[in-house]
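Top to bottom, those sequences are chains F and Z.
Using the working numbering, you'd call the opening residue of the first sequence number 18 and step up by one each time.
Using the working numbering, you'd call the opening residue of the second sequence number 115 and step up by one each time.
Think of the hints as simulated: they come from the structure by calculation, not from any bench.
Keep in mind that the hints are not guaranteed to be accurate.
To give an idea of the interface, some chain F residues facing chain Z are shown, with a C-beta separation under 10 Å as derived from the structure [as the list claims (entries may be wrong)]:
| no. | residue |
| --- | --- |
| 1 | 73 |
| 2 | 231 |
| 3 | 242 |
So the derived label-pair ranges between C-beta atoms look like this [claimed, not checked]:
| no. | chain 1 | residue 1 | chain 2 | residue 2 | range |
| --- | --- | --- | --- | --- | --- |
| 4 | Z | 146 | F | 26 | 52 to 60 Å |
| 5 | Z | 122 | F | 101 | 18 to 26 Å |
| 6 | Z | 122 | F | 91 | 26 to 34 Å |
| 7 | Z | 136 | F | 455 | 27 to 35 Å |
| 8 | F | 396 | Z | 122 | 25 to 33 Å |
| 9 | Z | 162 | F | 182 | 31 to 39 Å |
| 10 | Z | 288 | F | 173 | 14 to 22 Å |
| 11 | Z | 288 | F | 290 | 30 to 38 Å |
Over the 12 Å line for every Cβ pair with chain Z, so calculated as not near, a few chain F residues [unchecked claim]:
| no. | residue |
| --- | --- |
| 12 | 159 |
| 13 | 282 |
| 14 | 341 |
| 15 | 342 |
| 16 | 399 |
| 17 | 404 |
Built from N, CA and C at the ideal position, the CB exists for glycine as well.
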Amino acid sequence: MKHSQAAKVFLKNAPRTQWHDKALWFAREKRDIQKNQVTEWETLRDHASQIKEHALSNLDDYLMEFEQNAIGNGIVVHWASDAEEHNRIVFNILQKAGVRKLVKSKSMLTEECRMNPYLENKGIEVIESDLGERIIQLDKQEPSHIVMPAIHMKKEEIGKLFEKELHTETGNNDPQYLTAAARSHLRKHFLSAEVALTGVNFAIAETGGFVVCTNEGNADMGVHHARIHIASMGIEKLIPKKEHLAVFIRLLARSATGQPITNYTSHFQKPEKGKEIHIILVDNGRSEHLGEEKFWRALKCIRCGACMNTCPVYRRSGGHSYGYTIPGPIGSILTPKIDLKQFADLPFASSLCGSCSDVCPVKIDIHEQLYQWRQEVYEHGHLSWIKKTGFRVVGKILASPRLYGLTGTIARFFLIYAPGFLVYNRMNTWGKSRDIPTLPRQSFQEWYKENRNKS
Amino acid sequence: MSRESILKSIIANKPAKIGLPKPIEISNNEYRDLTEKFIDMAKSAGSEIVEIDSMEKVMEWIIRQKSDGKVVFDLTQESVPTQQFLSIHDFSNSDIVVLRGQMGVAENGAVWIDEHDMLIRKLPFITSHLVLVLKKNKILKDMHQVYNQIDLKNTGFGVFIAGPSKTADIEQSLVIGAHGPIRHTILLLS
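Okay, chain F solo, but in the shape it has when bound (with noise of 0.2 Å):
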């Protein structure tokens, strides 16, 4: 389904389009508030984005020294290719180690990979930890948000979920008491995990290590009581020494949650007396992103989910309409790098306000990389009919004056005269849901000629 009618359907519930508008909106501000108690903070963007670019820019030297001092730690190193390839390497640690179960805290990765289904038909039970996450899994759903998985839920429907899978009281949909049932719930998953998965927020190739930063303690819960530590990370999630850090747990949190800092943030380096860590670096296509002179920098992306919640298109259309693991602008521009035709109306899923690039802690050119991709989407033939008979007769009138001034006084004579449905019909897309503004009568140009001599 296309973006603009899976948010159409989105919209259909007003009310709740509105409470899901207004909800990613207090994330904003509770970002902004900290964003304006640090003094520093463009400069924070600035390293932030260059240590970045510096890091993409030499990552095959960077990975192999991640690599031997990672192994240097005792940690076993994987490489993937692709998602099927991790799968293959995650259930065949289980397989190895004889574990049926994998209890795993979040990770956007192994969700690009749809790590979750390969598993659970080799017959592995997956259980997701992050309290959102685990709504999502419960109700079979995907997540909304890559911070805040289940934000386009109700509490309400989150009871009654309750209600049939954990046996909460009816009716009972006090965030508190909920939160209450599913830590109970968990902790029996904890108590007994054998092997545990996390994501990887930063690995660092000075020191061998990665960091994983959550608020409910999760994936520490997880993997200090499993044998054995599977962490998933993409290649782009390196970082070259230790001090970077600073600058990224400084943004990170601040950015995402509005928090000064996510209440754990932990530091793997070496595995527990008997214990094992496996980190998995994941390619998946992003090593060839890095050849894409206009887009490669989308890789800086530090999955903070900022762009989403100021998104005036993501809050009013819902993670859901945009059809893929990452949604919103950062997904926007990710997803066209993945398959052009199939996500072709993505770039397209914005109004190019800015405002994406504006809050990005790691300074990237989102809404630029947006109206690249609009041309790439062109160019491949990809552009719905519509839009291009619609461009193509737009550009001509547009590269000439004359043509321009013909058909500003065609179209005011016409919209001021003309019956609704000439106006608003199947051709129009635009004013399905907006109405045409009120037009003067006379254009500028006209107003400029009648009035320049005028004193």
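Once you've looked at the hints, dock chain Z against the given chain F.
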């Protein structure tokens, strides 16, 4: 092998080399008093702060908790329990775990602890009430300063903890006590 093909693909595709910026030593933020800022930030993250003036008073505080019938594991004393001692205890039933904090961060109210302070890694997470003893003179201004002091190469695991575990995954309502501790106390030692 995937390793070689990934590295080959990166070398073929990577952009021209870009330099590193000059490191940031310290933030420009001006705080009137580091301890005051730390207390503010820690409280807003849900931490309880108890100011205490000697290690003896810390002991008294712990004894008081025990006399209330609580199960307390205290790892702050000179004779720290051995691995063996730890392995025979079921920490899932501990009411309070008391650990030494290494450094506090004024800008965000977090405390750094590493493996040496907890002996087994699950300890600070499994308890329902975590207590960290932190010396006031160990409060640093910001993350830049703290990372300069942290020696990651000499530890297996270290963590910044900023308050009790929490979640806002249900309609963004803040709930304290997600999976880890429900209470988080910092005993600030002058």
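Now for the hints, and whether the structure bears them out:
no., hint, in the structure
1, 73, "7 Å, holds"
2, 231, "8 Å, holds"
3, 242, "6 Å, holds"
4, 146/Z - 26/F: 52 to 60 Å, "53 Å, holds"
5, 122/Z - 101/F: 18 to 26 Å, "19 Å, holds"
6, 122/Z - 91/F: 26 to 34 Å, "28 Å, holds"
7, 136/Z - 455/F: 27 to 35 Å, "55 Å, violated"
8, 396/F - 122/Z: 25 to 33 Å, "28 Å, holds"
9, 162/Z - 182/F: 31 to 39 Å, "34 Å, holds"
10, 288/Z - 173/F: 14 to 22 Å, "19 Å, holds"
11, 288/Z - 290/F: 30 to 38 Å, "37 Å, holds"
12, 159, "15 Å, holds"
13, 282, "4 Å, violated"
14, 341, "21 Å, holds"
15, 342, "18 Å, holds"
16, 399, "23 Å, holds"
17, 404, "31 Å, holds"
Of the numbered hints listed earlier, those contradicted by the structure are 7 and 13.
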